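K.L.:
One-letter residues, chain by chain:
Protein chains: 4
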Amino acid sequence: MTKVSIIGATGYAGQELVRLLCGHPKVEIKGLGTQNYKGQPFSDVYPNFRGIVDLPCQGADDPQLIAESDVIFLAMPHGQSVSLAQTAVEQGKKVIGLGADFRLRDPKVYEEWYQTKAAPAEQLAKAVYGLPEVNRQVISQCSLLANPGCYPTTVILALGPLLKEKAIDPAWLIIDSKSGVSGAGRGTTLTTHYCEVNEDFKAYGVPRHRHTPEIEQELSKLAGQEVQVSFTPHLIPATRGMLSTIYTVPLAGINAGKIAEIYQAYYGKEPFIRLLPVGEVPHTKWVSGTNYCDLAYSLDPRTGRLTIFSAIDNLVKGAAGQAVQNMNIMLGLEETLGLPRVAIYP
Amino acid sequence: MTKVSIIGATGYAGQELVRLLCGHPKVEIKGLGTQNYKGQPFSDVYPNFRGIVDLPCQGADDPQLIAESDVIFLAMPHGQSVSLAQTAVEQGKKVIGLGADFRLRDPKVYEEWYQTKAAPAEQLAKAVYGLPEVNRQVISQCSLLANPGCYPTTVILALGPLLKEKAIDPAWLIIDSKSGVSGAGRGTTLTTHYCEVNEDFKAYGVPRHRHTPEIEQELSKLAGQEVQVSFTPHLIPATRGMLSTIYTVPLAGINAGKIAEIYQAYYGKEPFIRLLPVGEVPHTKWVSGTNYCDLAYSLDPRTGRLTIFSAIDNLVKGAAGQAVQNMNIMLGLEETLGLPRVAIYP
Amino acid sequence: MTKVSIIGATGYAGQELVRLLCGHPKVEIKGLGTQNYKGQPFSDVYPNFRGIVDLPCQGADDPQLIAESDVIFLAMPHGQSVSLAQTAVEQGKKVIGLGADFRLRDPKVYEEWYQTKAAPAEQLAKAVYGLPEVNRQVISQCSLLANPGCYPTTVILALGPLLKEKAIDPAWLIIDSKSGVSGAGRGTTLTTHYCEVNEDFKAYGVPRHRHTPEIEQELSKLAGQEVQVSFTPHLIPATRGMLSTIYTVPLAGINAGKIAEIYQAYYGKEPFIRLLPVGEVPHTKWVSGTNYCDLAYSLDPRTGRLTIFSAIDNLVKGAAGQAVQNMNIMLGLEETLGLPRVAIYP
Amino acid sequence: MTKVSIIGATGYAGQELVRLLCGHPKVEIKGLGTQNYKGQPFSDVYPNFRGIVDLPCQGADDPQLIAESDVIFLAMPHGQSVSLAQTAVEQGKKVIGLGADFRLRDPKVYEEWYQTKAAPAEQLAKAVYGLPEVNRQVISQCSLLANPGCYPTTVILALGPLLKEKAIDPAWLIIDSKSGVSGAGRGTTLTTHYCEVNEDFKAYGVPRHRHTPEIEQELSKLAGQEVQVSFTPHLIPATRGMLSTIYTVPLAGINAGKIAEIYQAYYGKEPFIRLLPVGEVPHTKWVSGTNYCDLAYSLDPRTGRLTIFSAIDNLVKGAAGQAVQNMNIMLGLEETLGLPRVAIYP
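Residue numbers (this note's numbering), protein chains in the order written: chain V, 676 to 1021; chain F, 676 to 1021; chain H, 676 to 1021; chain W, 676 to 1021.
To be clear, the hints were calculated from the coordinates, so they are not data collected in a lab. The model shown is predicted, which means the values in this text are computed figures rather than measured ones. Treat the hints loosely; a few may be bogus.
Derived, one-sided and incomplete: chain V residues facing chain W with beta-carbon distance under 10 angstroms [as the list claims (entries may be wrong)]:
(1) Y687
(2) V728
(3) V962
(4) V1017
Virtual Cβ for every residue (Gly too), placed ideally from N, Cα, C.
Input sequences plus hints: build the corresponding full structure.
P.N.:
Next up, the structure:
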């Protein structure tokens, strides 16, 4: 059994890690680090875990968390993972960061979009961007993993193969994304107040949401050229679920058959990507609680434009589930271990 | 007091007309026509009206409905308004159709998109497309009014002035719309089952939603050239509310100031359009229950693209409220009469 | 036009007062007092009011709020209204307190349940409990009005007539109440976080919710004897709406006809109480946004027990609407002025 | 591997069985019987199962369903299981009925409350009421199991031990229950239309909900005397979750300690019952997707009354999960096999 600690265990992504890892057959949860609940049983903070994970929380800075585990998950607000990651890597541990700290290669870009100091260059140089469907090989050998953001996961999975195969125009990438509220975390803000969200719908972060440079960095790498996107996130009055609707233009000679072929080639054997039959569109509910990304597209014969739909559960494939998938790869385990496949429905 | 009848009064748009008209100071509701509730008090079908509108429903084809009223609202499923409208116009009544029957000028286009027989050409020729902010003058003189669809209302109000003023590229109009469930009507279908909608989000009608030709017809007229759009509607897990997020490209020489100026010129005095301050985006909740359309835009300096946000209550400005606004204009009344302005919040 | 100020205008009850009063034909809103938004336009805090109430907020302690108005609404957290009320009454103003400060006659009971110092005895002596259907006469002559709590409103309206007419056993009053989230206010707490409320249901305040002594005080007065209740509130995953399901036992000789007769005698002419037909039960949605209380009951022939259902909109009849109804009475206006009757549906 | 068939697999309870059974380590799903989807892959009807359960549905009356399986789950509307159960039992299969057909001992009671013909007396005589915490022993030996209704499960688990130990007054059992919408099934009715349920709350089935006689039958057996209850169900605007709030009176000499002791004695070792610490109340969200029943109580020192709270997921412990638990017992497997324990949160 591999020993794991989760630092930042009482945020929504953290507790989702606990849910997945406490059912993982090859893992033992050794420690749960938190900022506010030191000494309290985890099941006091999340009573759905009563009788299942009653482990007392430790302080986020408790050195035992790192010392006694083999894999350290860091699910802290950005800016708070850098020194913890440093310590853990120095002790030879595997580190999986769920925050933004290690995702952007260029510290200047990070500092511009996040308005905080970036991680040291040598740390960034070591970190691997953990989207298994794109760079599984590198992930398997890394010890510092930057788990992707939720929006970037939907977008890169949708556009990556088409950009890499030069099937679409990289100058026309318009991304209209929608996310459930849990993506905003458990912090108590007016924006997440039930009465403000329920029966409402709105965009936010216009026009500079922080996931934009992450999307552009990864798409540029795949396209082999600088790529800019228009990215607008919206808030769905729902707890979970994320859907990106992406508008682009196929390059000359690319028809629906070719697009199907490309997706099939890239994802036909992926355990967590489902290519929907022609004519269907993904529902967020179909992937809720699971690690799936459901993909579909529609090539409009009238306008010649291509619309791609990409749905995930923002807390699973968009955070904790993908982190566990990455851990499985890093540890040489079967990639699907401990990851739920059937969405709870309805 | 003007006498009005509502045929199709027990659908969601119909009952919203009843709500607005029973509080209208210059109107008396004379008759309520329905297909399924003949003889039952209206307040049995919608008990929120108990003690307020207890009028018994009549059959939709009851000739008294037309004979005894001055204004006839037709809130029937498409295809069922043609002969009723004919009869009413012949009797010299004002007719306001909330369905799609009279919106499209070209019967061939109607038949292609709706798969039903179009209204007779002479009837279509008489019908006026009732978007007051665009063609108030013609509305004031017509006797057969085609009340706009909900999605087209959000889109035409957002794009009309910019296309007319040649401020944006008509070749790049990408419309990502989101609607509450009430737009689907009161019919009992799996698509509107609580458990299927709640905690879900999805697109639908891809890529051929019926509001597409209506949007294109009106935008083409305003642009002075044929315009094609990419239009993708989505379903919000909420009862009311509609938001369109529209992506386009400003033409050379058009900056944010110019766009503000255009909107100000067109809408600065409109009673039901609110131009939000720079940096804000509309929330559907801010217009819920009211006849407002809230508009905002963001010109991204990085990409040069323009994103426009347009929010309405799909049952009010998107249906019944706009119909009452049109009635006020047609009757020479103050345009805002009987139309609620303060959204219920939260 | 009567001049009114609302102190505590940016809480949910406060802004609901603004909604109702800005549409009231005999009232002019003169000032809006707040604790946190001094100097900001009210429509910045609640953008649904943009273009309608753009008045800048004043500090809650701004003496102009009281000096320049005839009626002062105090919608502050409990404990903060006492000296404001004092000042206003001394200046000869009409004061309507929406908080709990003046509801309980006995300062000791107040202090036991609220754990704060009670208002001075002479102030409590002047205050009138403002449930119009019970004590309209006294309300019309008072200058310090204690607006009832939301739960007590549902319960006293349901049980008052039956207790007064000795129709039910005062030893068996079991009240199972359910409230929408807006009753908890706009404060940002974990309890009102969207993700914690959505898809959840639970009781709270067990077994000592603060509305218990208020219910018992008023029921005892009506019953002419000391009455104790079992009261358990629950949280509905909805923004608005309150339903109390009340279980009791008819006294000997009381049958369904007699109960109908009593309700009819007390409420047959009440403008804001609707007695539902036998066999129907109230839906919170039927009264949403209105000042109605919908009442129904069921006498079970099997068990002999009586179940009463009482539904209101917690922010209207349960707070702001009832306050306006009281203001109308205190000012000698028509009691229904400015109070919406048709619930927005669906 | 035990072979199982689910007849009525495309209702909500049926598909929940599929979810649980397709992850069960000792079971193989052999057939899925449906009334309306014959020949279609199950994952067409529930696309969350795409790639997981793509088995084509069979007609509900396909004899292979019974012939080729060892355990037959009948998740049909009541009245349609009788002859299927007959056939299956005759072939020596284990039958688990999720409908009401075999729950009531007395055919007259069944016919009075369900207004349909009861199952034959000899079938009823064989059927065992499957609440494992009450009669595990009998379940382990039966071949025709009547899986309990959702409401009765919450109530019998809450009251059973107290009635059996003569700790409460059987004359005072008042049950106020609340259920999520999924309990109403996937049928398309106005009652389950999103717009009618969302932001609404109401009672239903007053005063004769069909679960009443089932509750009374089982409580009477446990109490050793005839017991009558007041039972009022309500609809929560949520998909899943059920909470019963139960009001009763302790008998002389019974204090909180004694109640705790009784619950501990009966449930301390039960794998699917969690006794919450004093002062906590169950949230439906804490058990969502799991087979737990969370129990708490509050003895009010003021009134002397006892309030008990009992929460389950209506589709799991209230239907499919309990059915699987029963199957495990009937097959001599570990009772918790295949039953999820961690609720998805938030």
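K.L.:
Run every hint past the structure and note whether it holds.
P.N.:
Hint check results:
| no. | hint | verdict |
| --- | --- | --- |
| 1 | Y687 | holds (6 angstroms) |
| 2 | V728 | holds (8 angstroms) |
| 3 | V962 | holds (7 angstroms) |
| 4 | V1017 | holds (5 angstroms) |
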